[in-house]
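**Student:** These are the residues of each chain, in order.
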Amino acid sequence: MNYYLITSQSYSENQSGIISFWDNDESNLMISASADYSYPYSQSFDTYDDMQSWIWDYDTNEWKNWDEDDEEDDPYGIDGPFPEEMDETII
Amino acid sequence: MAVKSSGQLSLRYDIAAEVNGITSNIRLGALSNTAGFTGQDAMSEFYGYSSAPFNNSYWQGRDTYFRNSLRQPSGNFSGGITLMAWLKPNNTAKKNTRLFAAGGSNRSARNEIRVHYIASLNRISVEVYDSSGIRRIRRQYPLHNSPNVAITGVSNSSVGWRRSQPGNVDSITGLAHITATWEGASFGGSYTGLKLYWRGQELTYSVNNNTTSTLTTAYGDYIAVRNHVGSGASSATLDGSTDNFGVYKRALTPSEVLNVFNAGNINVQSAANSAGIDVAALAHYQGFEGNLTNERGGATGYTLVLNGSNGAYFSYA
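Here the protein sequences line up with chains X and W, keeping their order. So in this note's numbering, spot 17 of the first sequence is number 17, and the numbers just go up one at a time. So in this note's numbering, spot 155 of the second sequence is number 246, and the numbers just go up one at a time.
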């Protein structure tokens with residue numbers, strides 16, 4: 001099964017393929033479909049892993065369009081140092 | 092806990108305690124019959140015997156998750172909550188991953204507690220949201236920093252939690268046992284009410300800790316594993332294996348979490364019984380034994396539903 005990046009408009013017009021998931025603003029989505037998928041698409045991937053590797057490429061940061069959970073505002077980075085007063089943060 | 096595999100056995104304290112827990116009128120023949128042994132009765136038959144149901148299968152999938160589709164109004168967790176599951180990532184690229192959650196809506200973060208892995212920081216984040224869907228309490232646990240790394244085994248933050256670095260896992264089933272607890276509104280808004288455990292051991296080092304003066308309650312209207320409750324499949328839906336998901340209506344103590352883990356990758360009700368936890372506290376358990384009905388239960392009555400199509404049940408054998 002191949003994966004295709006298509007627009008939401010394309011999906012609403014053709015209703016073809018199986019939806020995997022949408023991007024953050026639901027303007028694009030990933031679908032899985034057979035290799036002979038014939039409708040317009042922006043990009044195709046031979047495997048699920050190929051598709052995920054394209055999204056989670058930390059050089060391009062494509063993932064920021066697909067997962068709004070990530071903590072972009074972390075000022076301390078992956079290894080800190082983390083200030084002690086951070087434990088007392090009040091929202 | 093299984094009967095020991097060598098040495099002297101007590102009919103009462105070793106064998107009967109494991110088979111059915113009776114304390115009087117104990118007979119070897121009756122215990123052998125209950126355990127399913129045939130032929131001449133002998134205490135040696137019970138070496139290594141476990142009354143826990145064998146765990147045959149698990150779910151492995153991509154962009155698939157499980158959540159109840161009908162709201163469960165009796166699932167208010169005002170007294171706190173525990174979420175746990177056996178998990179293993181199968182993704183080849185480092186990616187964000189949603190583990191499990193409970194909340195008040197399947198369309199928003201309202202009154203939700205969610206647990207998810209942040210790939211860019213190599214942390215598991217445990218978060219509580221208020222009735223407006225605003226995050227109020229949070230702890231983030233770096234998996235690669237000391238002393239957490241000695242427990243998680245996810246040592247390389249660049250590689251992250253993925254197929255090639257699943258961390259410290261069960262030697263038989265290959266999955267890691269992960270548990271999150273929250274003490275609930277009565278504890279107040281301190282982040283210290285949140286705890287995260289890996290293989291039954293608490294991770295004590297957390298960063299980006301947020302405390303709130305706004306009291307909030309996690310609702311149990313919806314529960315989910317492999318995803319948040321408030322959204323559908325995303326690129327962060329767990330790509331990997333899942334087994335024996337459990338939800339308790341209170342925060343288990345550290346010793347209770349350890350005892351549940353020590354019971355092994357078995358259905359959560361059996362693990363709770365083994366740990367001496369009252370069954371009324373177990374809101375839901377799901378064993379993924381070939382379908383969603385073979386091994387499910389709990390005090391609250393959830394019916395989990397598969398969302399998505401990319402996955403299947405696999406056998407450990």
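Simulated from the structure, these hints should not be mistaken for laboratory data. Some hints here could point you the wrong way.
[Unchecked claim] Which chain W residues face chain X? A few, computed with CB under 10 Å, are given here: (1) Ile209; (2) Ser400; (3) Ala403.
Glycine is no exception: its CB is placed at the ideal position from the N, C-alpha and C atoms.
**Student:** Restraint: alanine 403(W) near chain X, CB-CB cut 10 Å. Satisfied or not?
**Tutor:** Interface hint status for alanine 403(W): violated (14 Å vs cutoff 10 Å).
**Student:** Does isoleucine 209(W) hold up as a contact with chain X if the rule is Cβ-Cβ below 10 Å?
**Tutor:** holds, 6 Å
**Student:** Using the nearest Cβ pair, does serine 400(W) come within less than 10 Å of chain X?
**Tutor:** This hint holds: serine 400(W) lies near chain X, its Cβ roughly 6 Å from the closest one there, short of 10 Å.
The structure is inconsistent with hint 3 alone, although it conforms to all the rest.
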